Amino acid sequence: MIDRQAIRAQAAIVGVADAASATGELDGSIRALEVAMIREALDDAGLDAADVDGVFSCLGSFMASVELAEYLGLQPVWTDSTQTGGSSFEVLAEHAALAIATGQCEVAVIVYAATPRSSFKAGTGGFGGAAARAALAGAVTPMVEWELPFGMRQPMGAYALAASRHMATYGTTSEQLAEIAVSTRRWAAMNPRARLQEPITVDDVLASPIEASPLRKLDCCLVTDGAGAVVMTSAARARDLRKPPVYVLGTGTSHTHAMISEMPDLTVTAGAVSGPRAFQMAGISPADVDVVELYDSFTITVLLALEDLGFCPKGEGGAFVADGKLGPGGTLPANTNGGGLAYTHPGMYGMFLMVEAARQLRGESGPRQVPGAQIAVAHGCGGVLSATSTLVLGTEATR
Amino acid sequence: MPDAEPTTASAARASTSTGDAVSETARRTRFEPPMSTAGAPFWAATREQRLVLPWCVSCHRPHWFPREVCPHCWRPGIEWRPSDGLGTVYAASTMPKPAMPMLADRVPYVVALVELDDGVRMMTNIVGMDPDSVTVGRAVQVGWEALSDGRHLPVFTSRT
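Taken in sequence, the protein lines are chains L and F.
At position 149 of the first sequence the residue is numbered 334 (the numbering used here), and the sequence of numbers has no breaks.
At position 67 of the second sequence the residue is numbered 235 (the numbering used here), and the sequence of numbers has no breaks.
It should be emphasised that the hints constitute simulated quantities derived from the structure, not laboratory data.
Fair warning: there could be bad hints in the mix.
DSBU-like mimics (lysine-lysine), calculated; alpha carbons at most 30 Å apart, straight line [said to hold, decoys possible]:
(1) 265/F <-> 306/L
(2) 402/L <-> 510/L
(3) 402/L <-> 265/F
(4) 428/L <-> 499/L
(5) 428/L <-> 306/L
(6) 510/L <-> 499/L
Partial list, computed: chain L residues near chain F (C-beta under 10 Å) [as the list claims (entries may be wrong)]:
(7) 188
(8) 324
(9) 327
(10) 346
(11) 354
(12) 394
(13) 397
(14) 398
(15) 473
Computed from a predicted model, the values in this text were never measured in an experiment.
The C-beta atom is built at its ideal place from N, Cα and C for all residues, glycine as well.
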């Protein structure tokens, strides 16, 4: 049997691409965006379409990766359509690292594109709740039967319930949650593609309208178009490619529930399992991390991740973020592209966590660059605080 | 009695049914849930405003939501035991905007997870209370809101 530790640094991210705009909109169909991202990420790596033998995607009508490969005229030897919500891309990267490390495929492509903002404006869809769509289709799912009748706004209501519990249990305040939005916006101010670049204050967050108490509008992520792709290959091959390899040092995934009403403890996510597993595999501790990209569907999502991954003790996340340490110049730079709160959020944000983490480790982040970043964490959280997946990424120096 | 209001108001709405499907739909102020096989005994009891919960006959533990097997031991035998409908608010959020248009007249309304004394937690609404007074840990009891087909939806209100 292969030990988890044996997978450490055997695979690397070698190509990345992402697309987003300050208007929140992108031109082109989802397939066209996916192909553009794949080509851009392959070019970033110095690889060609003919090199790809593993295909990883999670959105399609039924067989996501099979439909994508057909569109691309690709006949891969490794395929993966795993869907865990917004953390799908970290899960897919974990699976790709495993497949590459064990010789199942050599060049893996992971891709994502979604255009909820354009679709909504065109009247052809958008961001409706999955449960409401299922109900309209006549489905009898647990969510339709046991949650939908009570009118919880999705998805913000689920996160609001978690925030209410965290506040009642640990005394966390709206002001503390607001600090996360303020720090994130400071990063976004340095990203010309970010949807929201104007600086904000805690008072601005508190003055924004309640969406589902205690969460306000500025505690919530954007709804934008966006796309991205990541190319991975073996450590051996990575060294000969165009850009410095970003090694996958550690991975971990877990999930606790699908519906928020089934979450065992609303103050503890599966990150309390996926995080330590990833750190253990990487052989590091949270103190060794230079930059974190934490799924920020809502401010509370970040706060719970900080606690669950061990950057601070459970219950102390509010005080931990209150000094602005997540922002530029802080001791734990977080969501350095402006995050889902201010850069882009097309519904499943996890792709952008990996792309930004890789760029930080390559030193490509321009004014947002965290000086000397050697170890980054990309931590996805999908569903309604349901499924987390943690990647620890590192440079040649930390391999 | 604070829990009387939702029952009465909804019953009044439902009791004016003429059997006309279109106008009936128009009057509904709730999404009325479909029934799963596993949930059918629960919904049947709500017709008499009785709260029943699924318990495993093998490991003798309750669970929520209703399943055809016990989520603790994966065995299939389920028995339905009455609950006194007492519990506490585990988490709560007030909706200033409706999640769906038919709830527009209710805003602001409270969505909560209530932990029943029986040992299960369910999503529900807290009714008949000022939303600001619905705090985590608050003692609540079940009340019933009539659905158009004779079933009732379990909602919770301040414990008397």
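Evaluated hints:
1. Simply put, residue 265/F and residue 306/L have alpha-carbon atoms about 21 Å apart, close enough for the 30 Å limit, and the pair holds.
2. Between residue 402/L and residue 510/L, the direct Cα distance comes to roughly 22 Å. Compliance with the 30 Å bound is thereby established for this hinted pair.
3. Of the supplied pair hints, the one linking residue 402/L and residue 265/F holds, its CA atoms being roughly 12 Å apart against a limit of 30 Å.
4. At most 30 Å may separate the alpha-carbon atoms for a hinted pair to count; residue 428/L and residue 499/L exceed this at roughly 38 Å.
5. Distance restraint check for residue 428/L and residue 306/L: the Cα-Cα separation of roughly 38 Å exceeds the 30 Å cut-off, and the hinted pair is therefore not satisfied.
6. Restraint check for residue 510/L and residue 499/L: the C-alpha separation of about 18 Å stays at or below 30 Å, so the hint holds.
7. About 30 Å separates the beta-carbon of residue 188/L from the nearest beta-carbon of chain F, more than 10 Å, and the hint is not met.
8. At about 8 Å, the closest approach between the beta carbon of residue 324/L and any beta carbon in chain F falls short of 10 Å, and the interface hint on this residue holds.
9. The beta carbon of residue 327/L comes within 5 Å of a beta carbon in chain F, closer than 10 Å, and the hint placing it at the interface holds.
10. Nearest Cβ of chain F to the Cβ of residue 346/L: about 4 Å, under the 10 Å cut. The hint holds.
11. A distance limit of 10 Å between C-beta atoms decides the matter here; for residue 354/L the minimum to chain F is near 8 Å, and the interface restraint holds.
12. The closest approach between the C-beta of residue 394/L and any C-beta of chain F is roughly 7 Å, which is under the 10 Å cut-off, so the hint is satisfied.
13. Of the supplied interface hints, the one on residue 397/L holds, with its beta-carbon coming within about 5 Å of a beta-carbon of chain F, less than 10 Å.
14. With a least beta-carbon distance of about 4 Å to chain F, the hint placing residue 398/L at the interface is held under the 10 Å criterion.
15. The interface hint given for residue 473/L is violated, since its Cβ lies 34 Å from the closest Cβ of chain F, which is over the 10 Å cut-off.
Checked against the numbered hints above, the structure violates hints 4, 5, 7, 15; every other hint is satisfied.
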